[in-house]
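Heads up: the protein sequence lines correspond to chains A and B, in order.
In terms of my numbering, the first sequence is residues 1 to 157.
In terms of my numbering, the second sequence is residues 1001 to 1418.
Hints listed in this document are in silico derivations from the structure and should not be mistaken for laboratory results.
A quick note: this is a predicted structure, and the numbers were derived from the prediction, not measured.
For every residue, glycine included, the Cβ atom is placed at its ideal position computed from N, Cα and C.
Please note that the accuracy of each hint is not assured.
[Stated by the list, open to error] Some residues of chain A that are not near chain B, with every Cβ distance over 12 angstroms (derived): (1) 21; (2) 24; (3) 43; (4) 85; (5) 102; (6) 115; (7) 116; (8) 129; (9) 133; (10) 139; (11) 145.
[What the hints assert, rightly or not] Straight-line alpha carbon distances no greater than 25 angstroms define the calculated DMTMM-like cross-link-like pairs of lysine to aspartate or glutamate that follow: (12) B/1132 - A/138; (13) A/59 - B/1361; (14) B/1132 - A/107; (15) B/1273 - A/155; (16) B/1132 - A/51; (17) B/1076 - B/1024; (18) A/18 - A/7; (19) B/1234 - B/1263; (20) A/73 - A/151; (21) B/1098 - B/1248; (22) A/73 - A/147; (23) A/59 - B/1400; (24) A/18 - B/1222; (25) B/1184 - A/98; (26) B/1136 - A/8; (27) B/1307 - B/1179; (28) A/23 - B/1248; (29) A/23 - B/1015.
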Amino acid sequence: MGFAFTEENLRELEALAKRYPSKEALMLPALWKVMEQEGFISVEAMEAVAEWLGVSPMKVYGVVTFYEMFHEKPLGRHHIKVCRTLSCALCGQSGVLERLKERLGIEVGETTEDGRFTLSQVECLGSCGTAPVMQIDDTLYENLTPEKVDEILKELR
Amino acid sequence: MREVKIVSRRFDVPDVDRLDVALEHGAYKAVEKAFSMGSEAVLNAVCESGLRGKGGGGAPACGKWKLAAQHPDPVKFLAVNCDESEPGTFKDRQIITKDPHLLIEGIILTCYAIGAHDAYIYIRGEYHDFQKVLQKAIDEAYGAGILGEKTMGHDWRLDVTIHRGAGAYICGEKSALLESMEGKRGHPRLKPHRKEPEWYFGRPTLVNNVETIATVPFIVAEGPQAYRSYGTEKSPGTMLFALSGHVERPGVYEAEFGTPMMEYIERFGGGIKGGRALKAVIPGGASTPVLTAAEAAEARLDYESMKSLGSSLGTGGMIVMDETVDMVEALKNLLGFYHHESCGQCTPCREGTGWVDRIADAVVRGEAEAADLQKMLDISWTMNGKTICVFAPAVSGVIDAFVEKFGDEFQARLRSMA
Ligand SMILES: Cc1cc2nc3c(=O)[nH]c(=O)nc-3n(C[C@H](O)[C@H](O)[C@H](O)COP(=O)(O)O)c2cc1C
Ligand code: SF4
Ligand code: FES
């Protein structure tokens, strides 16, 4: 399975390159485009990014594996990320996580069999004032309760 | 307590993220003033104001600005730090979503003062929805000729580009941030022993926090003395302090430096949740040493007071813990964070954070002995002052404060040797 940027993404990246003193700065923007296109970053995509940037594939691999939000394997259609850090833990995070596990029938790090949901725990999401929180894909859900979790899951079916 | 809103003054104005509304409420006025003052006068105003960085370190802006401004390289950069990943901290996101034009105005002023024509805003990847609000404001500013080839009609170019991070706490550290922006793993750089600017692709670069930059428009518009009329001698002005954990009304509220901590918690936070007793406060983001309730009662929200209590002001994000909190569990939670976020370059940090995390876990489960607790303190010692960046020393300070101040809770969890 090969990888190629869409024409539009390629055009956007080329335009963005003008803003930077070196093309290598486009590493993260290019990997984000891969994530948008595919939902994960395959070895083929890393090779394509390396070629486009003019760097070695190993360098791209090193970057992909460093950052939490880049994934080498496809995840469920929705990625649920529950904050586990202190302010959320103080404000009822565990009840929220338990409810998610129960409803989805999976543990942290797993994907539901129908491929709909992947459940993760993440570190502080910068929303400690509205704890406990979780992020599903790019959307933040704040002031959570187990009951709210039920409602949110219903809408995501 | 005096009411004061400098950075948050437009937060409650509906739709002020829109350019027309922001302009109606005085946005970009300071830019006109700056161009008539000249760049050196802008720099001097910031120096006289005594503005200190709001990203956690509290370094005076003046020194850093001068290092960039006075460097002979004609090409310089500004990197605005919107990585905001320190647990307990959620203030920069208020600025970029509620009043993004304030940040853009601050960026123009800062770049003008130091002679930079390219600014990058490094934003944590998880803030994607907030990034869209900021990007829309930037696009509007370009459309109106506020950014671009001619800044508000002046023959002076400025480009502002958002750079999205991808989930790594350490990328908030200024040199790791620049490494990340150079397309690498976010590894902090070794620091030189003389004062010099940061470097982006070998060019002198200024790194400042979002809130620091957002304070500049007030200083330029109202003058440095207006800023100094708030706060204390060594901590002039105000800060967007924040409350999370066990308070009635968590949130971000601006206050002047020197405000007594408990008064702040009462006045803005509505006191401790459910009227329970206070046990402890982590004063400025997870990486600042915890204060006991007695210390919190004495604490003032400024650099001097926090230092005298053996802690630090950090990001001003207070995590409030009531009497029901299990301090062993709380430390375990934080050590899980540090273990996960160590960048792995330095052995004491890479190995140490995992080791203390495992020991804390054993204490929580009642499977640790007194010697393990001592081992945790020994590891903490090896993490202090022996690494590339201050991540590990901060972890060390966190461990020591928890174990020293709440030692009885730790002792009570040890496996009895009988
Ligand atoms: C581990 C670590 C994480 C940091 N995270 C942030 C951050 O998320 N945001 C920030 O503005 N500064 C952060 N800093 C501080 C930066 O290194 C730097 O001092 C700051 O961005 C400078 O801006 P200021 O002087 O305006 O505060 C961090 C520092 C360390 C050591
Ligand atoms: S102290 Fe820790 S986070 Fe900092 S450079 Fe060393 S390993 Fe990385
Ligand atoms: S601790 Fe959960 S958002 Fe900060």
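Next on the checklist: Under the constraints set out in the numbered hints, which ones does this structure not fulfil?
Outcome noted: Structure breaks hints 1, 2, 4, 8, 9, 10, 13, 14, 15, 16, 17, 20, 22, 23, 24, 25, 27, 28 and 29.
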